[in-house]
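Protein chains: 2
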Amino acid sequence: MDKIIPIFHSLSKSMNGIHKSSCDVISIVQSSILYEISLMNKPSMQTVAEAAGMDITTFSRQIGTLEKKGLVSRTPYEGDRRIYLLSLTGQGNDMVVAINGTIAAKMENALASMNDFERETVLRSMHVLEERLRGN
Amino acid sequence: MDKIIPIFHSLSKSMNGIHKSSCDVISIVQSSILYEISLMNKPSMQTVAEAAGMDITTFSRQIGTLEKKGLVSRTPYEGDRRIYLLSLTGQGNDMVVAINGTIAAKMENALASMNDFERETVLRSMHVLEERLRGN
DNA sequence: CAAATTACTTGCAGTCTACAAATTATTTAC
DNA sequence: GTAAATAATTTGTAGACTGCAAGTAATTTG
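Quick mapping for you: the protein sequence lines, in order, are chains A and B. Plus 1227 on top of the position in the first sequence (first one is 1) and you've got our numbering. Plus 1227 on top of the position in the second sequence (first one is 1) and you've got our numbering.
Any given hint could turn out to be false.
Okay, derived cross-link-like pairs now, DSS-like style, lysine-lysine, Cα gap no bigger than 25 Å in a straight line [as the list claims (entries may be wrong)]:
| # | chain 1 | residue 1 | chain 2 | residue 2 |
| --- | --- | --- | --- | --- |
| 1 | A | LYS1295 | B | LYS1247 |
| 2 | B | LYS1296 | A | LYS1230 |
| 3 | B | LYS1240 | A | LYS1333 |
| 4 | A | LYS1240 | B | LYS1247 |
| 5 | B | LYS1269 | A | LYS1247 |
| 6 | A | LYS1230 | B | LYS1333 |
| 7 | A | LYS1269 | B | LYS1247 |
| 8 | A | LYS1230 | B | LYS1295 |
Everything labelled a hint here was simulated from the structure, so no lab data went into it.
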């Protein structure tokens, strides 16, 4: 299938657009960081930086910004004082919930014009594809 | 379905990663600009900027950079001298072909472990979804 | 033909990025 | 047990990306 390229570019652009337009006050990158933290239990900086596919030095500054905005908190890890554990503040969690809600609404809106079978097929396909692509 | 959020974030991240790792010497943004130009016939700056979802001022500078790299050329439009028509140079076209080839290979690699039916289903689903999402 | 509009560029200022080097804490080796 | 190596994070620096406001030049409108 040669049509994969237009589909790839268009889908990628649309999803990026949805993500961006679902973020009011923070950037897509910051939203991704908050989301990754929300998936984990008190992760270290390194862990999240790697999950977010971001250089640790860039990540360190982003966490500084997010901390200043009151969305993330850094706690020294007692077992090893080089390490900081990250968690979302209440406000940070609210933001993740809000952004995800907006994204979900937009996706559901796009799926709304499909019949049940088609919608299930598309969702299952996205899931299968996502699994195959995860980790490049 | 509540699982749409993890699928959305993971898929979005994977596709971005594939795009980025398929670009050696230019950025994702520049690759997207080249790709949009490749779809069109001598488009104006405005046209491509809008297609790429990018502010015209940022776009103007990116075109300057791409022109310096010898990937894009700007031709004054005779019918209206405010307008510049954009086109890919041979080198620019080669770059689009190379990037798209790498992306396609990575996608095909991910689809390779599926049977024919599943692969067709996934491709058709991506296409359907892309259509529904296009234009937000 | 003067005023408004359009297509594009430039000034500026803020954000994002990553490499190199620094800092602080921990582990390893003798 | 301490000096050297390693690890987690931060800071210096410098370049790329972004968009608003203001500028320039060409065209359209009244």
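Okay, the hints, checked on the actual structure:
1. With a CA separation close to 30 Å, the supplied pair A/LYS1295 and B/LYS1247 exceeds the 25 Å bound.
2. As the CA atoms of B/LYS1296 and A/LYS1230 are separated by approximately 29 Å, the hinted pair breaks the 25 Å bound.
3. Distance check on the hinted pair: B/LYS1240 and A/LYS1333 sit about 18 Å apart at the alpha-carbon level, within 25 Å; holds.
4. Distance hint between A/LYS1240 and B/LYS1247 is fulfilled; the C-alpha atoms sit about 13 Å from each other, no more than 25 Å.
5. Distance hint between B/LYS1269 and A/LYS1247 is unfulfilled; the C-alpha atoms sit about 29 Å from each other, more than 25 Å.
6. Distance hint between A/LYS1230 and B/LYS1333 is fulfilled; the C-alpha atoms sit about 14 Å from each other, no more than 25 Å.
7. Restraint check for A/LYS1269 and B/LYS1247: the C-alpha separation of about 29 Å exceeds 25 Å, so the hint is violated.
8. As the CA atoms of A/LYS1230 and B/LYS1295 are separated by approximately 31 Å, the hinted pair breaks the 25 Å bound.
The structure fails hints 1, 2, 5, 7, 8 (numbered hints given earlier, in ascending order).
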